[in-house]
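**Student:** What follows is each chain in one-letter form.
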Amino acid sequence: MKTTDHLGRPVVVVTGTGIVTSLGQGKQENWAALTAGRSGIHPITRFPIAHLSTTIAGTVDFLEASDKGASALTFQLADLAVEEAIEQAGFARGRFEGPLFLASPPVEIDWHERIQLHQVGIEGEGCERLLDAARRTTPQPLFENSQFGTIAERLARKHGTRGLPITLSTACASGATAIQLGVQAIRRGECDRALAIGADGSATAEALIRFSLLSALSTQNERPEKASKPFSKDRDGFVLAEGGAALVLESLESALSRGAEILGVVRGCGERADDFHRTRSKPDGSPAIAAVTAAIGDAGMRPDDIAYVNAHGTSTPENDKMEHLSLSAVFGEHMRCLPVSSNKSMIGHTLSAAGAVEAVFSLMTMREGLIPPTINYDNPDPAIELDVVPNTARKAQVSSVLSNSFGFGGQNTCLVLAREPV
Amino acid sequence: MSDHDVLITGIGMVSCLGEGVDAHWSAIASGNQQPVLETERFKPYTIHPLPEMDWGLQIPKRGDQRQMETWQRLGTYAAGMALDDAGFKDDEQACATMDMIVAAAGGERDVAVDSAILEAARERTDLDVLLNEKLTTELRPTLFLAQLSNLLAGNISIVHKVTGSSNTFMGEEGAGIAAIQTAAARIRSGQSTHVLVGASFQTEHPDMLLGYELGGYLERAGWRPLWQRHPGQGGGVVTGSAGVFLVLESRTHAEARGRKAYAVIRDVVSAYADRTAGVLSSDLDVMLDALLQEPRPILAFSGASGAHEPTREEWAALEKRGIAARGFSALTGHVKEAQFPLAVALAALSISHGAAIPPLDADRETAFDAVPDVVLATTVGYHRSEGAALLARA
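Chains as they are written, first to last, in this note's numbering: chain F, 1 to 422; chain U, 1001 to 1394.
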């Protein structure tokens, strides 16, 4: 087996994956639900919904940290996924010894902690009083939660990763970027394995309100499981959700030498930033087209070689239209026989985690020979002609997947995954 | 010399010392630059404030300026200066293929809205309902975009058309270290030919001070020389605001367009000492030994924060190697994510001027009279992450 790719770089494979979403914990639970077309979207119970126009989400409510704030939950989502991935890859616990790339949401001090701190203050008003309170108490856990490097440090120490861990954000593309950075580090020969994680437990009231104010969220609250309907005519926004996924990336050479089971290959990564607008993408789709084209080129493949697209498919009017436009431009006639489905129809938009979560599902799609459906596809958008694998999973031999991630702020990252090394 | 050597061909910088490489060099090389301080607004904290800015010089559209908070304007401005300085500013093709790595935290929250909620919370028991009520009615819809970490990079793409790739690293000083280390590694391996890398930090906001003071890191008794801040007067850190961006370029790419470089980045190393285990000093030794195979007296632009323990450890590590440290935070303040980019920028200026600078703290720092052919840039985080780079003549 050839251990270098078409450009002479080390081939990068995946030898361990782990996942947590609103559908459950672990690959087995998630896959069963996802391929049964079950939705993880539900009414919000974590905080009161008074005054909110969106009252549904795909929050992860079954973990110990689910009510402990965004930082604690993001850590736990990442940690559980990492444990599953490292166990599958067969590395010793606590001694991963490769670099860590964590995609996670920007850190903010939880409102409950903010208000508690404020009560300790004596002098000053409002935010000034928080500083007064900090001078009086220097509260260690609160300090750690205010630092952007904390979650990665905890993961790095616990799992024994090597070197300065990298915490990154490319908005909704973050999870894919974490994988891309890991792949690039292995290709540079800096390491023979890397841990790529996407985790997001930041579905707070404030996060929900911020996206609501940008008119990005679905308000179809009556039937939560029906709200996320990518590529449908009556789609009206994405559903905020949480999740975590981890991938053990490894050079093919390293995986072969230790006899590890190969779950799939990361053949190509492509990215392109959009310079058009802070929340809207360029009308001609050129940045998304460039990102898809770059990923396929990086993989040493042609568009016709792609067997399935794991779409970004957020269910916003804009994304799905733009994604269809760019896929059409890249794939042309090949689109007629190219299934394109959106995991987000069931799990919602897991934001910083999405790229990693959907990469794990893409790998399972190839291994299991089963394409997860796009559910809630009852009212197709006539302007979007796609085989979206409507409503029920489909058996198919899938040898390669294009997984798309297009972010707010214009950061687009695409991955090409393959079932087997060449 | 190699085709893939990592050259610094553009520098954009703004701090309390002014704008641009010349203003910074003349300030730090003068030997008598007094710290620029704001002592009243955030009492008991002293900060190094931004100079008066004309944002329109690098962000021509008022609409773009309005969409950003100060930290984003500052970063976008400094990025524009770096592109200008490298001769890339209006080169659409070069910007469209340019990679970008930004180190960023979050942006400024709305103090008025937050303060109103905090005050109202003292009278209410239904805190979560209060939050929904206030946030749904009082948040500016676009403020979110002015706060999101990755939107500094987003704004740079929009304003300066840098679109080859866009990554944002988070995590205080470590983000700046990893950004430069990754950018340099990409060039050295041939993954990138030219990269825009940098950060901005705007300290003039209570939340930005809170991020330090929850850990007790801020100096509370006015400004003192960097190496002479002692427990009992607060945590030792005096913060500043700065935007610093570098254009890194492969030797081949720079030579092909006939650009002169400030310096070459020979190597970047980083560490991640488990400080609770007391291994910072040995980790600093490992890091510096990796960089300086033959120990000799050289000049170092030290990003020491002033935080007591790491600053003491760094001083000791440099002093025992006979390295002449220049603790620039004494003049610029600590600029968090931008700290390492600033250290590297100042080291590059020293190389390109073929001159050292006089001690910034005459009581502690030692003279360095030779022409520096290699210069060290360091950043030891106030709480975590360590990094250093060795620069030489291009």
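Hints were generated in silico from the structure; no laboratory data involved. Don't take every hint at face value.
Calculated lysine-lysine pairs in the DSS-like style (CA-CA distance at most 27 Å, straight line) [claimed, not checked]:
| # | chain 1 | residue 1 | chain 2 | residue 2 |
| --- | --- | --- | --- | --- |
| 1 | U | K1134 | F | K321 |
| 2 | U | K1134 | F | K282 |
| 3 | F | K68 | U | K1134 |
Facing chain U, from chain F, some residues (calculated, C-beta under 8 Å) [what the hints assert, rightly or not]:
| # | residue |
| --- | --- |
| 4 | V120 |
| 5 | I122 |
| 6 | E123 |
| 7 | R154 |
| 8 | L168 |
| 9 | R210 |
| 10 | E261 |
| 11 | R278 |
| 12 | T279 |
| 13 | P283 |
| 14 | P303 |
| 15 | D305 |
| 16 | A307 |
No residue lacks a Cβ here, since even glycine has one placed at the ideal position from N, Cα and C.
**Student:** Are the hints correct? Go through all of them and say.
**Tutor:** Hint-by-hint comparison with the structure:
About 34 Å separates the Cα atoms of U/K1134 and F/K321, which puts this hinted pair outside 27 Å; it is violated. Among the hinted pairs, U/K1134 with F/K282 is inconsistent with the structure: their alpha-carbon atoms are about 34 Å apart, more than 27 Å. The hinted pair formed by F/K68 and U/K1134 meets the criterion: a straight-line CA distance of about 22 Å does not exceed 27 Å. Because the smallest distance between the Cβ of F/V120 and any Cβ of chain U comes to about 12 Å, over 8 Å, the interface hint for this residue is violated.
Because the closest C-beta pair between F/I122 and chain U is about 13 Å apart, greater than 8 Å, the hint is violated. Below 8 Å, beta-carbon pairs count as interface contacts, and F/E123 has none with chain U, the closest being about 10 Å; its hint is therefore violated. The closest approach between the C-beta of F/R154 and any C-beta of chain U is roughly 11 Å, which is over the 8 Å cut-off, so the hint fails. Because the smallest distance between the Cβ of F/L168 and any Cβ of chain U comes to about 5 Å, under 8 Å, the interface hint for this residue holds.
The beta carbon of F/R210 comes within 4 Å of a beta carbon in chain U, closer than 8 Å, and the hint placing it at the interface holds. The restraint placing F/E261 at the interface with chain U is violated, with a minimum CB-CB distance near 29 Å, outside the 8 Å limit. The beta carbon of F/R278 comes within 5 Å of a beta carbon in chain U, closer than 8 Å, and the hint placing it at the interface holds. Annotation: interface hint on F/T279 holds; nearest CB of chain U at approximately 7 Å, less than 8 Å.
The criterion of a C-beta within 8 Å of any C-beta in chain U is not met by F/P283, whose closest approach is roughly 15 Å, and the hint is violated. Interface restraint check: F/P303 against chain U, minimum CB-CB distance 21 Å, threshold 8 Å, status violated. Of the supplied interface hints, the one on F/D305 is violated, with its beta-carbon coming no nearer than about 23 Å to a beta-carbon of chain U, more than 8 Å. Checking F/A307 against chain U by beta carbon gives a least distance of about 26 Å; that is not within 8 Å, so the hint is violated.
Of the numbered hints stated above, those contradicted by the structure are hints 1, 2, 4, 5, 6, 7, 10, 13, 14, 15, 16, listed in ascending order.
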